[in-house]
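Position chain B against the provided structure of chain A, taking the given hints into account.
There are 2 protein chains.
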Amino acid sequence: MKLRVYVTLKKDVLDPQGSAIKNSLHNIGFKSVSDVRQGKVFELNINENDENKSLKETEEMCKKLLANLTIEDFKVEIAE
Amino acid sequence: MKLRVYVTLKKDVLDPQGSAIKNSLHNIGFKSVSDVRQGKVFELNINENDENKSLKETEEMCKKLLANLTIEDFKVEIAE
Chain A
1 MKLRVYVTLK KDVLDPQGSA IKNSLHNIGF KSVSDVRQGK VFELNINEND ENKSLKETEE
61 MCKKLLANLT IEDFKVEIAE
Chain B
1 MKLRVYVTLK KDVLDPQGSA IKNSLHNIGF KSVSDVRQGK VFELNINEND ENKSLKETEE
61 MCKKLLANLT IEDFKVEIAE
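Read top to bottom, the protein sequences are chains A and B.
Take the numbering used here: the last position of the first sequence gets the number 80, and nothing is skipped along the way.
Take the numbering used here: the last position of the second sequence gets the number 80, and nothing is skipped along the way.
I should point out that these hints are in silico values taken from the structure, not numbers from a laboratory.
Errors might be hidden in some of the hints.
Heads up, the list lumps identical chains together, so a pair's fine if it works in one copy or across two of them.
[As the list claims (entries may be wrong)] Under the rule of at most 27 Å between Cα atoms (straight-line distance), these lysine-lysine pairs were calculated in the BS3-like manner: (1) 56 x 2; (2) 53 x 64; (3) 22 x 10; (4) 10 x 31; (5) 40 x 56.
Chain A with its partners taken away, still in its complex shape (with noise of 0.2 Å):
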């Protein structure tokens, strides 16, 4: 089973990667983007064809591995 797993900063987080990215569209001339955040995305394949361990099993991930929660969130989605 093919699973999709996306990390972003925390609303309330400092992203100065995104800020940097926002300045260099401003300076290719993109004037009107106002805000940039980055996150991660983890495609993973798992030997599992129940939906729902899978979908555990990856929260689990998250939550050891993958996200850090103190900053980050994560949102898990079966991919295919």
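Positioned in the frame of chain A, the structure of chain B alone reads:
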């Protein structure tokens, strides 16, 4: 308007970071994971209310800055 951009490595491009994450997941007990690929998400706010114009402009940003088209694919969608 809020848009979301997904940038992922093309299928045939090696992803050492993904492999490292897979190994780490194995090491902490998630043996069922057979593959991990890592990508990026960007959440952009644009001062533009026309959906088509926003999408086109964001695609331009991907081609010029956000994605490296030699090794990466991108996907743009309206977030809200």
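To see whether the hints hold, each was checked on the structure:
no.	hint	verdict
1	56 x 2	within (13 Å within a copy, 30 Å between copies)
2	53 x 64	within (17 Å within a copy, 41 Å between copies)
3	22 x 10	both (18 Å within a copy, 25 Å between copies)
4	10 x 31	within (25 Å within a copy, 29 Å between copies)
5	40 x 56	both (20 Å within a copy, 23 Å between copies)
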